[in-house]
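Participant: Each chain, letter by letter, is given below.
Protein chains: 2
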Amino acid sequence: MNNKYDIRAKEIDSLLCVGLDSDFAKLPEGFRALEFPQFEFNKWIIDQTAEYTASFKVNSAFYEARGDQGIRELKMTIDYINTKHPTIFTILDAKRADIGNTNNGYVEFIYDWLGFDSFTVHPYLGHEAVQPILDRTDKTTIILCRTSNPGARDFQDLIVDGKMVYEIVAKKVSQEWNTNNNCMIVVGATYPEEMKKIRGIVGDMTFLVPGIGAQGGSVEEVVKSGLNSKGLGLIIHSARGIIFAENPKLEAQNLRDEIRKYSA
Amino acid sequence: MNNKYDIRAKEIDSLLCVGLDSDFAKLPEGFRALEFPQFEFNKWIIDQTAEYTASFKVNSAFYEARGDQGIRELKMTIDYINTKHPTIFTILDAKRADIGNTNNGYVEFIYDWLGFDSFTVHPYLGHEAVQPILDRTDKTTIILCRTSNPGARDFQDLIVDGKMVYEIVAKKVSQEWNTNNNCMIVVGATYPEEMKKIRGIVGDMTFLVPGIGAQGGSVEEVVKSGLNSKGLGLIIHSARGIIFAENPKLEAQNLRDEIRKYSA
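Chains A and B, in that order, are what the protein sequence lines are. Under numbering that gives the first Met the number 0, think of the first position of the first sequence as 0, with each following residue one higher. Under numbering that gives the first Met the number 0, think of the first position of the second sequence as 0, with each following residue one higher.
Bear in mind the hints are in silico, worked out from the structure with no lab data behind them. Values in this document were obtained by computation on a predicted structure and should not be read as measured data. Careful, some of the hints might be misleading.
Copies of the same chain look alike in the list, so a pair counts if it works inside one copy or between any two.
[Stated by the list, open to error] Keeping only pairs whose Cα atoms sit at most 30 angstroms apart, straight-line, the calculated DSSO-like set for lysine-lysine is:
| hint | residue 1 | residue 2 |
| --- | --- | --- |
| 1 | 229 | 74 |
| 2 | 196 | 170 |
| 3 | 25 | 248 |
| 4 | 223 | 138 |
In isolation and in its complexed conformation, chain A is listed as follows (with noise of 0.2 angstroms):
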């Protein structure tokens, strides 16, 4: 079990994920113009911001766009987060999942290469394909259940016997995969009555929450909806509103003590 996010959360008490999410072409003109311009930004940010978050969530496809220069740039923005910051719970969303073994290549990449203590991953192709990341007892996985977007309703709303298939994939996760008791599941702030109804399914689970802010989620909905039994549960995610904002520092203060006002 990998229990690091939820000791750094109390430890400073704050549940805030700041986004790594450093769009290249979003990136300030001074950083663009330099030999390692995400990374650059990042470690800017990262400075910045540590002091109030729990967590860190990068989001591949924005590294992946600048091929291996981007995947570099991946790998010290990591490299940065572990050494100055190594009880920060880290979290690359890569939303990936393939069959098998074929899995062990996304685990070396990510556990191993990169160094994240956790990615996010698809679950339709089942349990025993996700196995091998499942089996990573150091690390944590991350399940898609149910996604922040509009289009989540396409299959995650599908009614089978009366439950929707988010639901079930809730129930399955926390019933099936969590035998080493290092998943957590991906809730949307879009959608806090679904949250609610997740929490009753997971029991203490944790929920990486994204789509506050830009996407429109509220935070005090979100609090009220996610909270475990123990004050803790949730990974409120802000990338945008706090990396492309005027004071990154401010920002990532703010939503940290917002949070903190409605989860005291």
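Since chain A is already given, all that's left is putting chain B on it; use the hints.
Facilitator: Okay, now just chain B, sitting in the frame of chain A:
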């Protein structure tokens, strides 16, 4: 619409897809000692099998496992195919899917930076999420429908109003996602009955078919269950059975011939 696969398949009368799943640990020792082991191995396989194959599929996991070095060799591999064999249809089996514009990172990586014709995509986040991938009308989006692994049953076989989830995916993709006529779906060779049903739902849409050989799928059953009304509609994939065989050229030729025998 990207017709490349059909044109190539007809031109060389082959529905074969050679899978460059060049797991570093499984490469012959002579290759492992080279500066670019995965690329050099792939080059050797490509040179031997190109005349028999309508498509090359590369599974991203085996390259990501080696970090930025693997990504470089993935790039060298696709460049080699595109230069030496520009009429061969190329697939990155990346099993990606994020929400909305985040997918642009994958589009840039796989289509623009690498230069593949297509990549595989998880359906779980729904239509709206995948739209930026579908919007690339010069390319082909291959959506996971019925995968070849045993765990496929966990969610893909859930029953919604008398239909299984994979049937609903097949129907939605063919009727709603495929407005640009640039979708294919993944249908595992290990489930020929399901393949027949899916063929009935989607008309002539092409199936990427993994699961022949090591996973137990039968060429005869696949061809009989999956061929479309034009005698095409199948991309029959084999990786280990060809690339790690004593004589990859002969294995590719034999599999092409076996497919021909049943599809004649």
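Participant: Please list, smallest to largest, the hint numbers that this structure does not respect.
Facilitator: 1
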